[in-house]
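As they're listed, the protein sequences go chains A and B.
Take the first sequence: its position 126, counted from the start at 1, is 126 in the numbering used here, and no numbers get skipped.
Take the second sequence: its position 171, counted from the start at 1, is 1171 in the numbering used here, and no numbers get skipped.
Since the hints were made in silico from the structure, they are not lab data.
Do not rely on the hints blindly, as some may be mistaken.
Estimated spans, in silico, between C-beta atoms of each pair [unchecked claim]:
id, chain 1, residue 1, chain 2, residue 2, range
1, A, D273, B, S1189, 30 to 40 Å
2, A, R363, B, T1704, 46 to 56 Å
3, A, T315, B, Q1218, 49 to 59 Å
4, B, G1065, A, T315, 49 to 59 Å
Covered by chain B, per the in silico footprint, the following chain A stretches (three or more residues, Cβ under 8 Å) [said to hold, decoys possible]:
id, segment
5, 59-72
6, 248-261
7, 330-340
Calculated Cβ distances over 10 Å to all of chain A for the following chain B residues [to be verified]:
id, residue
8, L1109
9, Y1110
10, H1111
11, D1114
12, D1121
13, P1240
For glycine and all other residues, C-beta sits at the position ideal for the given N, C-alpha and C.
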Amino acid sequence: MKLMYPLAAAIAVCAMSSSTLAQMPPSKIALSGARIIPIIGDEIEEGTIVIERGKITAIGVMGEVDIPFDAMEMDLEGMVIMPGFIHAASADGLDRDNESLPVTPYLDVYDAVDPSSLFFEQALRSGITAVHVIQGPNTVIGGVSRLVRPIGLSMDEMSIRGDLAMVISTSPRNGFDRMAQLATLREAFIDLDNAIDSLAERRYEEEQEKKDEDVNVSPQEARDLGRELIRDEDYNDGVYNLVRLRRGELSPWVYTGAAMDVAPAIEIMGSQDVLENTVFVVGGDAHKASGQIASTGRPVVLGPNLLYRERDPMTGRLDEVFVPKQFHDAGVTFALLPSQSGAFAERYPTFQAAQCVRNGIPRQTALEAITINAANMLGVGDSLGSIEVGKTANLVVLSGDPLDFNSWVEKSFIDGILAYDREKDTRLKQLLDAGKSGEEEAEDEAEENGDEAADAAEAPADAETGGDAGSDGDGSGNGEGR
Amino acid sequence: MPSALSRIALLFGVLVALAFGVAPVQAGGSIAITGARILPMADASSTAIDNGVLIVRDGVIVAVGDSSTVIPGDLPVIDVRGATIMPGMVIADTVLAGRHAGDESVSGLYHAIDAFNRFGDYRPLLAEGVTTVHLNPGDHRLVSGAGAVVRLSGYWNDRVLNAASDVTVNLGNAARNPPNLLDPLSQPSADNLIVPAQPQRPSSRMEEWPALRDAIEQSTNADASAHLVALRRLWDANLPMRVQADDALDARKAVEVFDLAGRDGYVVGSFDLDTSASMLAASGTSVVFGLSTPVRNAARDFGDDARLSDPDLSALALFDADSVAFAPARGLPLSDLRLAAATALRHGLDREFVLRALTSNPAKILGVGDRVGSLAPGRLADFVVYSDDPLSPTALVQRVYMNGQLAFKADHAGSVVVRAGTVWTGEGEYLRDTEVLVTDGKIAEVGPRVARPKGAIVIDAGPDAFVTPGFVDGRSHLGLDGDRSATGTNNDLSDLVGVPGPAEHRVASSGVTSVVMSPYSFGRSGSRLSAVKTFGEGRADRLIRSSAAIALDVRGSDPITIGRQIEQRLGPAKQYDEKWKKYENDLAEWEKAQAEGKVKKPAEPEVVVDEAADKPKADPITGTWEMRAESEMLPEPIEGEVALKLNGSEFEGRATAPEAAEVEHRIVGTLDGENISGSIEIDTGGFGTPTFTGTVKDGVMEGTITLGPITATFSGERTSTEEVQFRVTRRRATGDDGRPKPPPIDESLEPWRAVLAGEAPLVVGASTPQEIDAVVETVAQKNELRLVLLGAEFADTRAETLSGRDIVVLTSPGRFVRRGNDELHLPTVLSNAGVAVAFQSEAEDGARNLGSVALFALQQGMSPSAVMRAMTEVPAWAYGIDDRVGKIKPGLDGDLVIFDGHPFDASTRVRRVLINGQEVQP
């Protein structure tokens, strides 16, 4: 009986996703009347955004923007439009965060992302329109990451961009200490050089063989000569990905779970000439090294827990530090992560940003930390992260100010497609209804109706009821969200 | 693409760069430290500098010298008189980095520096006087990796002294059986099979060197593993070999290995010296020796095991003086190292040898001797301020400076130890070479050696110093700010006492720690005097006794009337006192009766009517209220009008019950913020009195009424704020259970009670012999009260009477009286005649001169001990505050004055003053 309910819900969400994608989007849409927070550029109190073929083609004050005659017009009066939020690093779309082997550069999250993961649905519901799927920190060198849309039935459909970053950790993974962790990391780069050397030697010999010539140079010379002869296809996946890392085609996202892990990260990334592409994913007391990170000029991704607590070794007093403020004061650009496992409120990027404002960070900085900053770190700042003409139409429509916790996500547009509409959010409705009528009833209903749950969700939505139940739904949402 | 080699070089190059601080360095502190005994440990010839000066600029020492060293004017000077300064200890063997988790028997890839937290808070180690440590990557593998030398505080980038300081080799047991090595393939295939786990070497002591030699040789091979490639880098950097040994055999083997490998190195361990010292010493090898002490496991028995014995450290003397370092043996807490080193003195090692083994020698062995481990120009300003000689078991770490900045400061936990050549306790004796321990403001111990509670501040004033109790000024106007008006007995002068100002500070710094506050002139019915401290955090801290005495002046009166005058004052006081005595007796009896269960039945309350009505004020209660009470228990709600009146926090009112409109019920209650509570006096026919609790706010009252099991809720609205006149009633103080009620307090008579009880004296101004006679007769003889005579110009003529009756004469130290053509110095004459004399300043901050004027008394022939007593124990005894001040005796307040010589030498100055154990800051 208990099993039936999630099953019905899963079917419902599949129905929802497929229906949104199956519709051919109108080629032109005009969103009018909402307050526009473009992140880059001034806010517009009552504005219009025109989307053509998935791109933003015009933004301006309502009435001053020419709306194409064939555009589908949407009245969003009283609402707020922002660029879709970007989840800067998540392993939640994967079946597991990390492999058991410490060094796995040959992996690509492409092979493991589960499009039906409830995580994506929840992401969509909280206004996230792009998720950077990357392995977790319990590794030494992990696989290659990918930026995906939280909609779609296959990886290819979801993919925005692959070959983005490679996760590297300087904090000890399970069973390792720091000496072993860093020794393994250095070893991986030494082994990489050895692998390239032997490949170079082999390639030289192969070429000589082709030319029917003898190999009559020393191994060292053969390596030097052969290095030029290596073609990309000669590398195996692991070596190739590390080579691409060195070339700057992949950026290292280095997990530093403590301040003391920052210095080795800088040292080792520096030794590989990739410090200029590095993004620090920080945790623990890493804010103590904010000055050190600032000296590299590189950005950070902050863990979901923004408050750091530490006991004074002499007095036993518990001290609290608000982490984003430390990085902000040090002049470091940061992106905020929503939490999937933490308190309910922290699952919303807007709540994370609001906490920052509450603790003395300017509003603009806090909003950038859930939008454009992650886009820039991922190298997609030219198409995502802000509302500008020419950018991809990834938008989130909120019922009110993004930092007001009473605001909720009304709609999301991804590539100009209406990817989420609260009125058609069947699971949310189900959760809220269950919260209202008691869980037993909902379960009974789910059992009786089985597949019909999806149909029931199609019933016309009562916007007001949904709104009222927004806060009531918290409890039940907490239990069923993931 | 850069070659593999250059990348690896870069990988290690960064390590080296880190070691030498290429990255930004934060500027250190600039200070001058004076007054301490400095142990520089700089070179073989440098000896301790008494009263030395240490000058630090930007975190680096620029000068170490004696007191003649010129201190640049721009530096803040910190005076740590009596302390000893030594370089921070350098511990050449610690387990701070832990053991690396790798399996390789031989690897250069493990760097201990990777396990060092550059942002860590190491104050617990600083608190032991340790500022620099060596980190090793573990003692569990033949070559466990590279060690590092780090400092335990400071800017993150300044902390690393050497990121790769040595190749750590272990010849001990743990390294002899490494686990089999499995090298997992990330992408195994048919061509690339998974190989079984490989056994590793060495498995015996014999194989240790061959395994090491082979690894070093193989490290140059093209197919060498990353672990060996890394070892080659360390080897080529010519790092010293650090050999960690378990026993004497390992230690001797180490010397062979240095020889075979052609490398310098040093041996680390806690091993039998009898069989190894001569060989190690002869080879010129340095040793980091692990010291142990039996204090933590004193009950360890050797039994019949002949192989065990306590280590004999005397063999260490065979080594060169600079080639032995001490570290704690494995398992010994770092906090015990100093004690272990101190006990090494018992093995015949000399002090200098032991101190160097904790500082300059380990620094030199670790290759950082040019930066830490000694105090000399150019070295980093990492030093520790000890309360005493560092090898004294009771010496405490008071401060630790790193880079010339304060990195640790001990909480002094309320304890101060003062040590001086002479202590005048006031018990009639001078104690030589004595220490005084003050804990929580009170003197706890006086003796040749006192306890050193953890965190105690130790003030070693030196052999010439002289410590006396804080001076007590017998009568002062300090704090009156020139207000010359007379005060009565109801005026408490100690109400003027607060946070000390500059005047108090001047007086306190002069050694006068307590004053008896007196008005300039006394009131007709007497004035109250208060005894207070001259320094403290506030009134509570400074108050000794608010009623220290009552003062009268009878000078100029007709001697015949003096007795009557005094009796007139005493009369009401005695009556008042009797009331209190009766109450106390009654109370004692009642309590006894209650304890025996014989308490009287509650008496009927007697109601009296107070005609006086208070003036109306706007307040939250006063006025007319429409009230309504309802309850399930009531058939219908009760409604009625209530008139209330607030008086202070008490309110009283009249309610009109609906069924008996003419009967008024009395309501009494209290108002606490917005909360009200009280009772309604209504005849309930034996059910008791209804009580109510509730809140009142903005003219609305709500709450519940309780009568036994019945509760009702009530609410009311104020319809008028006009006060309704009704007679205010008070209940006479006859408690319900017969408990006696105290008599009303009379502020002007209250201080007399202490006088009548003999706890405080009556201070009487009297001058002529007749006046003195009359006063003595009335006060001391008839009423048997304690008496202090003020003025007392002719006291010398009545010396016999006065000396026989413990009467104290209060006088200025420089008081002369004329007898015919002679000028007599009154204090001298009186004290020679056996009269107790106490000194007074009769000044505000002029009290600071009390000590100087005392010299004058001395000059006039008064005995030094009488002078001292007149400023300490006599005034304390006279005012009955000798349970707090006046002597140096356990249980009394920690008020001490430290002189740099005998207090009665003209050249002597007050050096430091402690009041309640707190030093009066200069």
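Evaluation of the provided hints:
no. : hint                         : in the structure
1   : A:D273 x B:S1189: 30 to 40 Å : 31 Å, holds
2   : A:R363 x B:T1704: 46 to 56 Å : 49 Å, holds
3   : A:T315 x B:Q1218: 49 to 59 Å : 53 Å, holds
4   : B:G1065 x A:T315: 49 to 59 Å : 37 Å, violated
5   : 59-72                        : violated (count 0)
6   : 248-261                      : holds (count 3)
7   : 330-340                      : violated (count 0)
8   : L1109                        : 4 Å, violated
9   : Y1110                        : 4 Å, violated
10  : H1111                        : 6 Å, violated
11  : D1114                        : 4 Å, violated
12  : D1121                        : 5 Å, violated
13  : P1240                        : 20 Å, holds
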